[in-house]
Amino acid sequence: MNHSISILSPTAILGYGFPESSFEAGLAREPDAIAVDAGSTDPGPYYLGSGESFTNREAVKRDLVLMIQAGLEREIPVLIGTAGGSGARPHLQWCLEVIDEVLCDLNRTALVAEIASDQDQETVTEALHAGRISALGPVPQLTDDAVTNSTHIVAQMGVEPVIEALEHGAQIVVTGRCYDPAVFAAVPIRAGLSEALSLHMGKILECAAIAAVPGSGSDCMLGVLDETGFTLEALSPERQCTVTSVAAHTLYEKTDPRFLPGPGGVLDLTGCHFEQIDKRRVRVTGTKLQKSERYTIKLEGAQPVGFRTISIAGIRAPDLIEQLDDVLEAVRERVFSNFQSIEKSAVQLLFRVYGKNGVMGELEPCCDQLPHEVGLVIEVVARTQSLADTLCSFARSTLLHFGYPGRQSTAGNLAFPYSPSDISHGVVYEFSVYHLMTVDDPIDPFPIQIKQRGVSL
Amino acid sequence: MKLSDMATVIRSKNAGPFELTFDVLFATHAEFERVVRSEVLSAKKFAELFHIPTADVLSVVEFEPALAIKVTIKRSRSSGAFGETDVYGAQQHAPLLQVEVP
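Going line by line, the protein sequences match chains D and E.
So for the first sequence, our numbering puts the first residue at 42; every next one is plus one.
So for the second sequence, our numbering puts the first residue at 142; every next one is plus one.
Please note: incorrect hints may appear among the correct ones.
As the list claims (entries may be wrong) - 30 angstroms max Cα-Cα, derived BS3-like pairs, lysine-lysine:
| hint | chain 1 | residue 1 | chain 2 | residue 2 |
| --- | --- | --- | --- | --- |
| 1 | D | K329 | E | K143 |
| 2 | D | K397 | E | K143 |
| 3 | E | K215 | D | K339 |
As the list claims (entries may be wrong) - Example chain E residues on the side facing chain D (calculated, C-beta under 8 angstroms, incomplete):
| hint | residue |
| --- | --- |
| 4 | K143 |
| 5 | K154 |
| 6 | A209 |
Please keep in mind that the hints were generated in silico from the structure rather than gathered at the bench.
Small disclaimer: the values here were computed from a predicted structure and weren't measured.
Every residue, glycine too, gets a C-beta built ideally from N, C-alpha and C.
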């Protein structure tokens with residue numbers, strides 16, 4: 042029996058785009074599903090905290106038009122993982138609105154499954170007190186405060202809720218926070234193929250053509266899974282999958298390439314074999330899955346920590362650059378002594394010095410050379426925007442006219458590229474939850490709603 | 142010989158919001174083996190290079206299928222927290238370029 046399932050992955054992140062020619066080449070191979078990952082924690086805590094997407098709406102719509110049109114025409118499912126970038130309720134809603142608009146433009150209807158991933162505070166607190174939550178890697182233990190202060194807490198679903206949605210005949214599946222490989226692995230696992238191989242294939246397909254050479258986050262990749270392994274093929278003629286490019290991708294954004302933990306188990310790549318079957322395709326075999334005793338899901342949350350104001354300036358005066366650390370310290374003291382009523386703990390003031398250690402901070406090993414110019418960002422995070430504005434403004438004006446020893450350029454110390462010089466940057470978030478939670482059932486925490494959407498014919 | 146003259150890829154990136162991971166990839170088995178044997182990317186050497194405690198080096202993995210050495214460290218702060226300099230962690234690799242391989 043020659044049973045195989047093909048999955049078309051158009052792009053590394055929904056909204057990053059893909060060439061139509063590659064997409065057409067993928068469709069010509071008659072895939073069984075089109076799947077895309079829409080999420081990442083890489084852009085930082087702001088997006089999960091605020092409920093905004095880090096991708097652009099028009100760009101997301103452009104990708105979805107092509108995917109949904111092809112899916113409906115060919116009667117194959119379209120699966121979207123981690124809608125809106127972070128997968129919380131507002132992100133999912135945002136993506137569903139775009140889907141509605143696309144269906145309307147195409148004059149079509151579709152059975153759409155939405156799978157939420159939000160975990161309410163009571164559920165998480167209860168799990169915390171019942172000892173069902175553990176820190177993931179070098180993460181502080183979870184506290185009640187972190188749970189209650191978080192604006193959104195999501196959990197990464199595995200393949201089970203996605204398969205459940207497909208069982209109900211969903212033509213489009215759009216999920217909240219989702220383990221990246223799940224939307225790619227659901228169709229082959231449902232067809233009875235190996236979970237381990239399906240998830241490993243998903244792990245590579247979720248980044249689309251990043252695993253090819255030359256790599257690209259905005260080009261298509263095809264994965265074909267059969268009963269003994271899977272084959273990867275980049276769909277643009279300019280790219281190839283090589284043993285090195287595919288094996289190297291296994292390293293990407295992971296702690297350990299041999300063991301990849303996910304909901305319900307750990308992918309074990311120690312017995313994996315990568316084989317070049319022709320110039321453009323690589324076959325992978327030997328992946329194993331160690332199922333965990335208790336089903337665990339990863340929680341992610343972000344909490345607001347204040348409001349930010351920044352001011353950007355440059356410095357060219359060599360005498361000031363030479364004693365900049367001392368001057369900045371003196372300015373800091375001046376700021377706090379001018380506003381004695383403000384609790385120091387309510388405010389954080391930071392001077393970023395580009396040209397010195399602006400990129401690497403405390404990891405920067407190179408500290409002995411004086412640059413000919415430096416870029417400076419004055420940053421204040423405070424409890425209110427108005428307080429952040431006040432202190433940033435005062436730090437900026439104090440530094441501009443600060444009389445340091447030996448100063449010759451007495452007209453001003455800073456070169457501003459902008460007027461106004463200060464930028465009110467809004468709410469600042471930080472990751473507050475990044476923990477594992479054990480659950481009794483892989484589907485229960487992720488409610489599925491299925492309904493007909495789009496234009497009624 | 143400098144590591145940057147031997148490796149085809151030297152990169153850094155977040156591995157989740159609390160870890161920073163470095164990948165060094167080689168084109169040939171000989172170069173991979175030479176760097177592995179030299180131990181210039183051991184936890185101790187890595188900690189010295191980046192001025193961090195050895196305990197903050199979470200793992201060093203030699204991954205032969207990709208001819209790669211992977212080192213993961215604890216982030217100084219969670220990605221995007223106050224004081225962050227590199228939200229994606231993509232520009233922390235530079236000190237590796239100059240590492241001398243005996």
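These are the hints, each one checked on the structure:
1. D/K329 / E/K143: 37 angstroms, violated
2. D/K397 / E/K143: The given pair, whose Cα atoms are some 24 angstroms apart, holds under the 30 angstroms limit.
3. E/K215 / D/K339: 19 angstroms, holds
4. K143: Violated, because the Cβ-Cβ distance from E/K143 to chain D comes to roughly 15 angstroms (cut-off 8 angstroms).
5. K154: At 6 angstroms from the nearest chain D Cβ, E/K154 passes the 8 angstroms test, so the hint holds.
6. A209: Check passed: Cβ of E/A209 comes within 6 angstroms of chain D, closer than 8 angstroms.
Of the hints listed earlier, those the structure fails to meet are numbers 1 and 4, in rising order.
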